[in-house]
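Trainee: The sequence shown begins at 165 in the working numbering and counts up by one.
These are computed hints drawn from the structure, not numbers from a lab.
Glycine included, C-beta positions come from ideal geometry on N, C-alpha and C.
Among the hints, a few may not be true.
To be verified - Derived lysine-lysine pairs resembling BS3-like cross-links, with alpha carbons at most 30 Å apart:
#, residue 1, residue 2
1, Lys517, Lys424
2, Lys626, Lys517
3, Lys588, Lys626
4, Lys530, Lys721
5, Lys558, Lys626
6, Lys694, Lys626
7, Lys425, Lys530
8, Lys658, Lys588
9, Lys618, Lys658
10, Lys750, Lys721
11, Lys497, Lys558
12, Lys530, Lys517
13, Lys750, Lys694
14, Lys694, Lys658
15, Lys618, Lys722
16, Lys618, Lys750
What the hints assert, rightly or not - Using C-beta positions, here's what the derived DEER-type ranges look like:
#, residue 1, residue 2, range
17, Asp418, Asp695, 55 to 61 Å
18, Asn627, Asn522, 26 to 32 Å
19, Thr465, Leu347, 52 to 58 Å
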Amino acid sequence: MPLYAIITLLSAVVILLAGFRIYLMERNNAAYQAFGLVCVNLSWMCFCWYEMEQTGDLATAQFYRKLQFVWALNNPLLVYGSWRLAEMHQKRISPWIYTPFFTLIILPGIYFAYLELFTPNGHGAVTLLQNGRWGLDIKGDVYTYLRGIWTILIMGSCLFLIYQVYRKERIPKKKRWLALLLLFFAFVIVSTVSKNYILPLQGKSQPLNESVNFALAILVMGWGVSDFRLFELKPESTFELVTGAMTNMLILVDQDLFIKKINPSTEAFFNLPEKEVRSQPLSLLVGKKAVSELFDNLDPTQKHTEQEIGFDRGDETATFLVTLSTIFSKRGKVRGYALVSTDLTPYYAAMEKVQEYNVKLESSNKALERFAYAASHDMKEPLRTIGGFAGLLKQEAYLTANLNIQEYVGFIDQGVRRMDAIIKSLLELSRLNEENPACQLIDLNVVITEIREKLHSLLTRKNARIIGHNLPEIYGNYGQLSLLFQNLIENGIKYNESASPEVSITALEALNGYEFSIRDNGIGINPIYKDQIFLMFKRLHSWAEYEGTGMGLAICKKIIDHLDGRIWLEPGNAEGSTFKLWIPEKKADGPSSSKTQPDFVAVKS
């Protein structure tokens with residue numbers, strides 16, 4: 165057997181093995197499928213060349229040449245594989261390959277394959293060269309010229325696609341392999357031009373057997389593609405990395421609930437290595453009760469379910485939030501289940517501690533409230549005594565000419581009045597903490613009328629007036645609602661330098677509550693204090709400027725909170741202040757159905 169025939173046979177084997185290597189790297193990858201099929205076709209062509217090298221009969225040589233028609237299918241496969249390879253590593257490659265351009269590339273391939281298989285084109289020019297080997301006499305063969313032009317276009321497209329990745333690639337090793345692929349396609353273009361154009365111009369026949377060239381090129385391409393594969397995340401290794409890093413437990417079982425895999429978090433929780441539980445029933449790991457709760461009422465049509473389950477671990481049971489996902493085959497049959505479990509035990513332990521702290525805090529608050537009530541109530545009697553004697557001293561002081569004594573007595577009297585106001589506010593605040601205050605349907609017009617009577621002296625002294633009528637009826641505690649509106653109205657009159665102070669109350673009726681506006685023409689409030697003004701003992705002015713305890717708005721806020729409502733300072737007023745209240749509509753048999761601020765639909769004034 166001639167040496168070149170042996171080399172041809174070895175080339176066929178090398179190309180076939182390289183093709184299988186590429187294909188088996190990822191069977192579902194279109195790029196590897198295309199390159200693998202190219203290798204199979206080229207290997208077939210090498211076997212045909214080998215058979216041609218063994219015969220001296222022209223008819224037999226033409227027959228095997230005819231069987232090499234598959235070369236025409238390789239070119240479209242190379243373009244498709246190059247595009248897919250480029251797309252894998254450079255997502256910005258545009259899918260122009262699906263446009264009519266790809267159709268124009270693939271159709272000539274089918275046509276050329278038909279011509280070579282069923283007509284003399286391609287094999288009709290087979291001739292025996294002077295060296296005793298077969299070649300093609302292509303002088304004046306238009307078909308061969310067209311085929312060469314098409315091949316150059318094909319390889320140019322492949323060259324373009326790989327170059328798009330090459331010029332944007334930043335990893336040196338990948339860039340080197342891309343350069344090898346570029347050289348491979350450039351080599352095919354040069355060899356095609358040489359065979360189809362340069363040799364005919366020199367009057368030489370085209371050599372047929374290119375098996376060694378093909379073998380070397382495929383090896384380069386195969387190694388390059390394989391090396392590309394090293395830069396990708398394999399699904400298996402990616403799965404291992406992800407499950408290994410999970411803090412959640414992962415258990416994979418088959419359709420019969422036998423364990424197939426567990427991750428390290430599961431191993432750590434149950435203190436069992438995977439090899440000991442693999443192929444064992446799931447109940448052996450998590451307990452029969454947990455398996456029953458998970459699967460007894462499982463809807464087979466649901467892909468995911470979620471529920472809290474107790475897993476047995478020795479003598480204790482830990483609570484987990486288990487997400488159960490059903491794994492289906494391509495035909496829709498159940499193949500198994502994936503259980504992803506989050507340990508809720510620390511969460512419930514923390515919740516239990518929070519509840520304990522809440523109970524202690526509530527008990528402490530109640531004790532503090534009782535102390536505040538008792539202290540403020542018990543302080544009224546001695547304060548009243550101090551006030552009485554201070555009044556007597558004041559009378560005596562005016563009978564003397566000592567101005568210092570008069571001033572000192574005035575300070576005592578002012579301190580007594582201030583302390584009395586604070587004690588009064590503390591008592592009011594303590595009463596707000598009653599668990600079940602008596603509630604009824606209250607006409608706010610009656611409340612405003614009563615407030616006018618209570619503040620008659622202040623209204624007369626400051627020439628002030630309160631505007632408010634046609635107000636709604638709301639459900640609540642009469643004393644609390646009266647205190648709420650009185651504090652807001654009294655502030656509007658007290659913090660007012662106008663010659664005729666005025667406070668107006670309006671209401672907007674809502675589907676599930678009311679919004680009230682309490683507007684005054686007083687000194688106003690800087691918007692930067694819109695949240696601070698509702699804090700206990702927060703005052704924006706000194707006692708010398710305006711008397712007060714700094715508790716009025718804090719009491720209003722607490723009353724509104726009891727009503728599940730809202731209170732806020734309306735910003736943007738040029739003069740005075742506007743406080744907004746939203747109080748949900750409640751009925752005698754329970755609270756309102758909503759605690760959110762509604763849309764307002766009608767106006768009452």
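Trainee: Which of the listed hints are not met by the structure?
Mentor: 1, 2, 7, 11, 18
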